[in-house]
Amino acid sequence: MKRRDFLKSASAVAATSAIAAPAVFSPAKAQSRAETLLIVSESGPNNLDIHGVGTNVPGYEVSWNCYDRLISHEMKTVDGKAYYDKDKFKPELAEDMNVGDMSATFKLKKNAKFQDGTPVTAKDVKWSLDRAVTVGGFPTFQMAAGSLTKPEQFVVVDDNTFRVDFARKDRLTIPDLAVVVPCVINSELVKKNATEKDPWGLEYTKQNTAGSGAYKVASWVAGTEVVLERNDAWVGGPLPKVKKIIWRIVPSSGNRRALLERGDADISYDLPNKDFVELKSAGKLNIISTPYSNGIQYIGMNVKNPPFDNLKVRQAVAYAIPYQKIMDAVLFGLAKPMFGAPADAATQVAWPQPHKFNIDIAKAKALLAEAGYPNGFETTISFDLGFAGVNEPLCVLVQESLGQIGIKCTINKIPGANWRTELNKKVLPLYTNVFSGWLDYPEYFFIWCYHGKNSIFNTMSYQSKTTDGFIDGAVTAAATGDKANYEKDVKGFVDTAYADMPRIPLYQPYVNVATQKNISGYQYWFHRRLDYRTLVKG
Amino acid sequence: MNENISTTPVAAAAPKPENNSIFRHARYVVAENPVTGLAFGLFILIALCALIGPYIVPHDPLASDTTATLHAPSLKHWFGTDQLGRDIFSRVVVATRLDFIIAIASVALVFALGGFAGIASGFFGGWTDRIVGRISDTIMAFPLFVLAMGIVAALGNTVTNIVIATAVVNFPLYVRVARAEANIRREAGFVQAARLSGNGDMRILLAHILPNIMPIMMVQISLTMGYAILNAAGLSFIGLGVRPPTPEWGIMVAEGAANIISGEWWIALFPGAALMIAVFCFNLLGDGLRDLVDPQRRT
Amino acid sequence: MLRMIAKRMVLIIPNLIGVVIVTFLLTRALPGDPAAYFAGPAADKQAIEQIRVKLGLDKPLIVQFGRYVNDLVHGDLGNSLSTGQPVVTEIKNRLPASAELTLFGLILSMVIAVPLGILAAVKQGSWIDHTCRVVATAGVSLPVFFTGLLLVYVFYFELGWSPAPLGRLDAFATAPAQITGFYLIDSVLTGKLETFRASLSQLLLPGFTLGIFSLAPIARMTRASMLAVLASEFVRTARASGLDNRTVIITYAFRNAMLPVITTLGMVFSFLLGANVLVEKVFAWPGIGSYAVEALITSDFAPVQGFVLTMAVLYVVLNLIIDILYGVIDPRVRLDG
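Chains as they are written, first to last, in the working numbering: chain A, 1 to 538; chain B, 1001 to 1299; chain C, 2001 to 2337.
Derived by calculation from the structure, the hints in this document are not laboratory data. Any given hint could turn out to be false.
Here are the in silico distance ranges between beta carbons for each label pair [unchecked claim]: (1) B/Leu1045 / C/Ile2107: 33 to 43 Å; (2) A/Gly403 / C/Ile2262: 24 to 34 Å; (3) A/Gly340 / C/Lys2045: 51 to 61 Å.
Calculated cross-link-like contacts (lysine to aspartate or glutamate; reagent style EDC-like; alpha-carbon spacing at most 16 Å) [said to hold, decoys possible]: (4) A/Lys150 / A/Asp130; (5) A/Lys76 / A/Asp87; (6) A/Lys113 / A/Glu95; (7) A/Lys110 / A/Asp96; (8) C/Lys2054 / A/Asp130; (9) A/Lys425 / C/Asp2323.
These numbers come from a predicted model, not from an experiment. The beta-carbon is built from N, C-alpha and C at its ideal position, and this holds for glycine as well.
Put together the whole structure using the sequences plus the hints.
Given below as structure tokens:
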């Protein structure tokens, strides 16, 4: 470097720091800034414990990073991005897993300690899993999805050995032990803080983390910020590089974008698609987009009530959705299309996969006339206001397009907290929604969304003996490893779902994460939240 | 909300100007105060937009065009286009009618309820006064915008409910003004004369006192029109406004808010400016009307 | 004096009862079902019913109301669903943030509006008068959320003069020890000038946003009250006795004109405290306004009830204090008058 250039750059540095100086920069702060990650997002946790009553999704992120599970997933690379490998497990608190025919045995890491220094024992593991299957609400439901329902299934063999007995053969049991819910909690600490009314100490863990995980919550101001500090004694994996995480809640997406662009924030992951596209083309930040695993945004129709009980009406709607317009104007191309597959495309043994409909107004009109509605009808289209950024323009486009075949829709915005209640009533005639399953198996999606036992996510009230047969068949085939039957059944339920069309898949959404250029180590997880443990700054 | 504090006590003492002198006086006020003239001009423009706007706009305000999204202002699209490619100029013009209707309807409603309750309470005093006073004090103790939000959230977000919410929030203001004015006039000569000639209380109230305090109420109406528009826009901004895709200024600002940072300033700026001009116009007009009604304050 | 205050307190009680009843009914009418919320995403109808019974939401409205009032008497405002915290703690933590912002905005506004008002009154009818009026009216005509966004765009994003709109302090700064809850005051008291500067720079944009909005009432009131005073006997006497214009305006007229302005300020303060919900939302300000809006949107009743009640009490108390002060300053005004 020439002397003159050096001088120039030196004075440039001086000039920049002179401008920045008034704010905060003393050397000590610059140092701490280098080891601190500032994350900004739209909303924060309402509970630090995933077993809590009504814990929201940001709360899952805290649980994931502050608690350990017995096992976790390996990583693989998909399109150059780190992506969890749903088929490969790695030990986290366990050092060894031995899966037998009707049980799995885990040896715990001997040096594993909770954040208060007490060792992690099999007793703690049992207490934690007992808690997950008994507290009710979401954790219990999630455990049941892997046939984990009774405390008797969890057995303490000795201080360092723990066994899970299977209720029945279920391919989802082991994966279900690697989701966020079966986290291991410091049972002695929590019991000390439990009361007679609250035997599981939910009030204590709501405000405090009591795990053995890589991070602990140092302070939490609900709705404002969460500060997490690294647990230097963590044995669940390689010691994380980032010492401190500051997670700030910034409700306005415009402000979040400005913070990123000006280099004040390190990571944000819930910006509107448009911002991600523009930030990507500006090239100042790293933008990582990954499709939701096992998830789609769809248009649902209530098949129990007229007019959508009529197959021809549903097909007419499927021919009147402006799919590509939605992809362009609403999602700015950041999503995977789930429509317009070629007419001769064979059904895959995979989910999600595109259907063969595309916009064709003439065909839609003809179908509607055949169904007995030549002049259309009036209905409402509902969406969750919590995701208005995508849902509102999407519904406006659908409304406009359906108007062309005579279906007049009124748009009905439903506040986030009320959305589930409304879905549960199963009376909304037409709506858009997203569903995505943590466990990435086609039959898992279909059990929730299409099976006749009518779970809350079967929002269409769809009932079909054929579909139920295929789904149950696939579950049994998967448990016994009967590959041929499994493939036949998966193709069967996908084909039936697209023939009956109770819900119209639109696209597979992307998880978009924007980080500063000096941040690396982002990994995609099924829960779609951030894993701080692998992030690196600088 | 503070307008009435300055108006009432002084205005109350003012004798009502004779009818034939009003026009002369109006001319004087406009000549003396060019700002009021400007406001009046703006008002005519806004009223015109509300009346014939939907028939003269160059584009369909609801038609999306995904090949022309987020275009900056140009000759084809004077105010540019939004995320779905809709023409912002057409939307801003067409929205005038809805915002105007919300403002007028809510003001008419609160005038009918609050104005009447106020007159009755000022005229009769006693229990009527106490009950009306309690109701309006209770409303006043609420944080008003949050009360409006609550009403819309509880009743559902339709235009009617926005109108109701805005009217409820303005209720105490109308009560206070009307009550003070009616109270001063209850023993006035013309009231006594009407009573002597055998008129009932109700008749005196409606046929004599109401017309008499109309000018002062008009000032209030003009000022609250502006507030009504702001209130509706604020509700839309937080997602409790009218239903999409109906064009409405507040919702358009809210939609464009996120785009300001990314450089598409026109989406929020034009509806924001329209909103501001309308509110500005009503406020100035209210001021001008006050000068008209209350010539004493000018000297 | 004490007896008058007591009398006023008695009169206040029905208002507060009215507020409690209306808020209770309004929040119950909100769409949304806390039972479904608590039961979690995968709950079936039976599970939701169980939670409903547990929360006491299956009881008739009157029983629920009784229970609510009972909790209220014991100082319990319930728990927020979305933040999971007791409402009382949240309001206690957030009120200083809102109060500091509102007060700061009000002071900014006064610094601009009072001279404007005086000028307008002194030069009544001139172009200065018209300009003052147009400026103040323009301020009150701008939707606050729009002003806030514009200021952020210009001063943070384009010019980079202002810090990130991230609430009360920069993410890497630490809050001063809590004494009054006002960061500006606490940082001075604890001698942390850097924190003072950091929190002042965070306050400027939202403060101006609020300030611009409250220009009009203050300027108008100052103008009106100045006009009234300028036309009064004693000013005329002062003028007649040959005092120069400056002295008359500042020492005689202004002092007397300030009294009604100060009462207006009290009203404006309590109005703004409730109205700054939108400003808080734009600037991610951790105040009670943004808290209440979020709660309302998510049908989270307890914080809404708590917020409304706090504001009502504040409003009533503030009015009482103003009236008392007014009585002290100007003995002609009687409290019960």
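For this session: Provide an ascending list of the numbers of those earlier hints which the structure does not satisfy.
Result: The structure breaks hints 2, 3, 8, 9; every other hint is satisfied.
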